Amino acid sequence: MEWGLRGAAIPRQRALRLRLTSVIGFLALWSLASGAVVVFKLFNPIFLPGPWLVVGDIVELAGKGQLWTHLAATLYRVAIGFGAGALLALGLGLPAGHIRAVRNLLEPVVELLRPIPPLAMLPLFIVWVGIGEGSKIGFITYATFFPMFLTTVHAVGQVDPLLLRAAQSLGARPRQLFFRIILPAALPEILTGIRLGVALSFFVIVISEFIGAEHGLGYLINDGRNFFLVPQMLGAAVLLGLLGYVGNGLVRAIERRVTRWQHHDGAAA
Amino acid sequence: MKIRVQGVARSFRVEGREAPALLPIDLDVAAREVICLLGPSGCGKSTLLNIVAGFLQPTAGRVLVDDAPVTGPGADRGVVFQEYVLFPWLTVQGNVEFGLVLKGLAAGERRDIARRYLELVGLGPHAEKYPVQLSGGMKQRVAIARALANSPSIILMDEPFGALDAQTREVLQEELSRIQRVEHKTILFVTHSIREAVYLADRVVVLTKAPGRIKDVFAIKLPEVRDRFATEFTRYESEITRVVKEEVAQVHQ
Amino acid sequence: MKGVRALALVAVLLSWAVVTYGNARLEVVNPVLLPTPTDVAKVFADSVRDGTLVRHILTSLVRVAEGFGIAAVLAVGLGLLAAMCGPLRLMLEPVIEFVRPIPPLAFLPMFLVWFGLGEASKVAFIAYTTFFPMFVGIAASVLRVDVMLLRAAASLGAQRVDLIRRVVLPAAFPGIIVALRVGFGLALFVIVGAEFMGADAGLGHLIMEGRTFFNPAQIVMGALVLGLLGSLVNALLVAAERRALRWRTAQSA
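Respectively, the protein sequence lines represent chains A, B and C.
The first sequence runs -5 to 263 under this note's numbering.
The second sequence runs 18 to 270 under this note's numbering.
The third sequence runs 27 to 279 under this note's numbering.
Take these hints with a grain of salt, some might be off.
[Claimed, not checked] Chain B is faced by these chain C residues, among others (derived, beta-carbon under 8 Å):
#	residue
1	ARG177
2	ALA178
3	ALA180
4	SER181
5	PRO196
6	ALA266
7	TRP273
8	ALA276
Keep in mind the hints are simulated off the structure, nothing from the lab.
Just so it is clear, the structure is predicted and the values come from calculations on it, not from any experiment.
Positions of the beta carbon are idealized from the N, C-alpha and C atoms, including for glycine.
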């Protein structure tokens, strides 16, 4: 396939070099820009701190022990909020996908609420539950529920009917049909939904920590804004990205384990 | 000579090693000649066609068309693919007009030419349909009309009827033979069907198993309109079958 | 089927009414906390009458349109470039992989610090947020364009510019539209957050005002308006997509 849009394939060595160049170039450009601001006095240098300042700030916060409190606060909220959202989504989504009556009962409610950007509901959570942990956790549960519920319903609904017939003709009873055929067949897509939910929890936790929190990475960012601590803002944002990256990696690892049958070479791609 | 294939060879990189797919091949094709390339699957016959089309570069040798070396694909060599490869967002008419649009022809002229070739392949009433609405046989007729409407002197066909059912296949072979009696193109036709090759070709070129080279060439001296049940026809068929079988047997050893 | 769903929908609205009106009479919790449909309708009518609602809606829509518009142009241009230029793609990838997992809202205060509290920070933030998913989606759909379509066009005489205009863009169009739709949804998602923080107009501000003045009816009204707006825009985009992609869904003959 050498003639085409992409041109010739790039050998691995050169590809690696290009990626490395890009990362180094990115950091160099950033450093140069922040250096230039200082040297040429373009604007107040606190607005564009160099990468070393950001790393230094994180290291300092970690050294003082504060970082762990904030990390723990965010992780705790995400874990509980997302966990509850996932339980609800699976608990309602599996029966809704499997039984038409349940689906007809639940879907209108979901369809009514889903077009509303979840962030619009945050103030309502604060008014109802107060500004403490409850509203933050409850809000994550609310926001992550919808995509996970919808993918679960879809995943269960689109299981190949031929598989069901094959199992029935081998004598599978309804219970066995659900646990031995439908669940394994729907699992890959359900896990995709879970991955979406993880990403979304980090997406929305930030803003609820902006509004009236005393701990958490979101708090660090907003606190940084109030005192023009730009390195702290950037550092906390990068840490959030790291957490999201790790969360995504964890679900992917689970996905690879449980969906090995999808890869015909036996090894996960 | 219309097409001169001079010492064309090709190898591919497989797991870091150069694996030859085609050993040096020499082949001259006269204008208006129909050549069928025949061989076991993986023998490199499609590779050779793709090199003539300009999609692949040869690792050695060169291809001359009208004495000029081939450097890439071009409108002088129309290609008909096994998978039809119609532009799904264009109507049947739009597909046939595609090359004419590139040439900058006026709309009226384009429509007339497209209509003429759609009539030729028997698709006049389907001009406004989209490819999704057509059967495989109809799609391949559109692809043939699209190639012809662009008036190339050469048509390269890569197992064009390979994905069709047996009946449609024979109908399209007959139509291609009828069209060729009107259009007089130079055709390079890749197939693994011996019957198809004997039915269409002036010369059948049999390639060896991979890496391919020319094993044998058969000049088919049959009338323009051929009868698949004539004794002469079946004689060619069994003669070529014997030669091809040697190669297939070696593949399976 | 349809009947059951309509019934369930009515039941949802009815249970809202029963719970809130019941609570208003029995005062189980402070009635302000559970606004009745009447409360919401009243807030809605008031804000329509004094013109504030229209102003908030227009403010939000202008911000979304500007931010999304800038990001869409950049994403289409860079997406095409990155898909067609391997080295560029390899160089962009690590940077995007680094930035992408960072929740965009984490950068919102950064934008307020950099661009001030005015319109620029909101527009830039929406552009930043929507660019990455659109860019990734568009580059991926361009990369998925079947190489055979390009070969077919090239053998009909297409040059590089023709290939981009007449093959790559139409073939990638469905994917591009989906990416744009995702981007627009995201813009509506984050504009609310952006308007929570230091804005004096916009639907997000309207909702936050409901919290500040302890007026849940206003929050519910703002949320419902946003939901309606989102559904409306989405329905429009889907309808436009259907029209543009008739070739995919045309009825079989």
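Check each numbered hint from earlier against the structure, then list the numbers of those it violates in ascending order.
Number 6 only.
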